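Participant: Sequence:
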Amino acid sequence: MEKGLLELHMYAPNPRTTVSIEPRLLRSTTLVKLTICGHYDIRSFRRVFFPALRSLSLIAALDLYCYRLMVSSCPVLEELTIRDSEFPDMMPTTGAMFVKHASLKRLAIVTPLPDVTDYFFAADCFEGARQTVTFQAPSLVYLDYSSFVFKEYEVDDFVSLVEARLSLKLWMSTTNFDYDDDYVYDDYGYLCPVDDPDPHIFGDVTCLVAAMRNITTLHLSPDSLERELKLSWCRSCLAWDSNPRLDVEAFKL
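Here the sequence shown stands for residues 601 to 853, numbered as in the working numbering.
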């Protein structure tokens, strides 16, 4: 790193091996683009410093401490990518639920649903691990966010945001039924007993969308337009003060 390297991509796809990163690779005054992809161990490092880094891609399992350590060590960071779905055997990157950076301009996040068929098990996993998503990025101009809807969003106003691409999915789809129906079906298509409580839908993205009051271009996936999410969109639109410049486009995944 002492030779003035500008760009570094690290890739370790083997699920049976965790690669330790040399300390010198996590300190550079010249590096402007860094990708960490795969099974890497950076938990033992306390000195991380990238004063010139502009672009950071994290496709590795990091706990909240390591994630904050990496991001806080990049004072002029402009582009951040967090992908949880690249390696199914890895735990999610905690940073997908906490983004706080003053200079960040472009943010891309992909967060998958736990790979289970039992909705109630997935909901328990969600409750225990990921309750609140926090965004504080006043300089953000572009957001690409693909995720299942979390329980709660805490978002400072995206005052600089002009374009967003959102693919938001409910933990349980309401495409074939909704909770105003007289009958409710379980994950396997069987009719639920009348006395069983309806499963709770995590589908309120009002706080997230309402913070995008200055956007001019909004791309929405079909999943983002499900009935329960539409209610959130409607509530959010009231906060946009009928932005006359807003262009909404649906896209296919």
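FYI, nobody ran anything at the bench for these hints, they're computed from the structure. It should be emphasised that the depicted structure is a prediction, and the values quoted were computed from it without experimental measurement. Please note that a few of the clues may not be correct.
Below, computed lysine-lysine pairings styled on DSS-like, alpha-carbon distance capped at 27 Å [what the hints assert, rightly or not]:
1) K705 - K751
2) K751 - K700
3) K633 - K705
4) K700 - K633
Now the in silico label distances, taken between C-beta atoms and shown as ranges [as the list claims (entries may be wrong)]:
5) P615 - T817: 18 to 28 Å
6) V619 - D757: 13 to 23 Å
7) P712 - G604: 16 to 26 Å
8) T817 - N614: 37 to 47 Å
9) L606 - S672: 38 to 48 Å
10) D757 - T617: 39 to 49 Å
11) S760 - A652: 41 to 51 Å
12) S760 - T617: 33 to 43 Å
13) P615 - D757: 35 to 45 Å
14) P712 - T734: 32 to 42 Å
15) S821 - K751: 35 to 45 Å
16) V632 - P822: 18 to 28 Å
All C-beta atoms, glycine included, are put in the ideal place defined by N, C-alpha and C.
Participant: Taking the hints in turn, state whether each one holds.
Facilitator: Structure-based check of each hint:
no., hint, verdict
1, K705 - K751, "26 Å, holds"
2, K751 - K700, "19 Å, holds"
3, K633 - K705, "15 Å, holds"
4, K700 - K633, "19 Å, holds"
5, P615 - T817: 18 to 28 Å, "38 Å, violated"
6, V619 - D757: 13 to 23 Å, "40 Å, violated"
7, P712 - G604: 16 to 26 Å, "38 Å, violated"
8, T817 - N614: 37 to 47 Å, "40 Å, holds"
9, L606 - S672: 38 to 48 Å, "22 Å, violated"
10, D757 - T617: 39 to 49 Å, "44 Å, holds"
11, S760 - A652: 41 to 51 Å, "22 Å, violated"
12, S760 - T617: 33 to 43 Å, "41 Å, holds"
13, P615 - D757: 35 to 45 Å, "41 Å, holds"
14, P712 - T734: 32 to 42 Å, "20 Å, violated"
15, S821 - K751: 35 to 45 Å, "21 Å, violated"
16, V632 - P822: 18 to 28 Å, "37 Å, violated"
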